[in-house]
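Undergrad: Just need the whole structure built from these sequences, with the hints factored in.
full-length UniProt numbering numbers the first residue of the sequence shown as 1 and each following residue consecutively.
Hints are computed from structural coordinates only; laboratory data are not their basis. Among the clues, some could well be false.
Simulated pairs of lysine to aspartate or glutamate, DMTMM-like, Cα-Cα distance not exceeding 25 Å [what the hints assert, rightly or not]:
1) Lys72 with Glu62
2) Lys72 with Glu83
3) Lys72 with Glu59
Each pair of labels, with its calculated beta carbon distance range [unchecked claim]:
4) Pro21 with Ala88: 31 to 41 Å
5) Asp34 with Leu86: 45 to 55 Å
6) Val47 with Leu86: 53 to 63 Å
7) Arg37 with Gln71: 55 to 65 Å
All values derive from a computational prediction rather than experimental measurement. We put the beta carbon where it would ideally sit given N, CA and C, even for glycine.
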Amino acid sequence: MTTADTLPPTRDDRGTHPPSPPAYRSPTPAHLRDCVRRHGGTLPADVAQALLDAAAELEASEEAFAELVEQKRELQRRLANCESNLRAALARPARA
Numbered sequence: 001m002t003t004a005d006t007l008p009p010t011r012d013d014r015g016t017h018p019p020s021p022p023a024y025r026s027p028t029p030a031h032l033r034d035c036v037r038r039h040g041g042t043l044p045a046d047v048a049q050a051l052l053d054a055a056a057e058l059e060a061s062e063e064a065f066a067e068l069v070e071q072k073r074e075l076q077r078r079l080a081n082c083e084s085n086l087r088a089a090l091a092r093p094a095r096a
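TA: So, in structure tokens, the structure goes:
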């Protein structure tokens, strides 16, 4: 495999990417945080922390999934471009 065959990064080095659209975000992390806020005084500290950790993990999973979806779209775009180039190359008359 040559360096030309590898995919360039689709994001900058900081790893930032646009957040998932609100319609695709789970309400669960906010609900878990709300439960901790409302019942924080009655929950053991380790349970409250576990709920906050679970909320953070859910959000991280959503972000990772959004990144995969974006990478898939980029790969599909590049595949369509390659297919178009291949069709154009095959349509050219052969040189003698």
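Undergrad: Now, for every hint given, state plainly whether the structure supports it.
TA: Right, here's what the structure says about each hint:
no.: 1; hint: Lys72 with Glu62; result: 15 Å, holds
no.: 2; hint: Lys72 with Glu83; result: 16 Å, holds
no.: 3; hint: Lys72 with Glu59; result: 20 Å, holds
no.: 4; hint: Pro21 with Ala88: 31 to 41 Å; result: 35 Å, holds
no.: 5; hint: Asp34 with Leu86: 45 to 55 Å; result: 53 Å, holds
no.: 6; hint: Val47 with Leu86: 53 to 63 Å; result: 58 Å, holds
no.: 7; hint: Arg37 with Gln71: 55 to 65 Å; result: 35 Å, violated
Hint 7 from the earlier list is the only one contradicted by this structure; the remaining hints agree with it.
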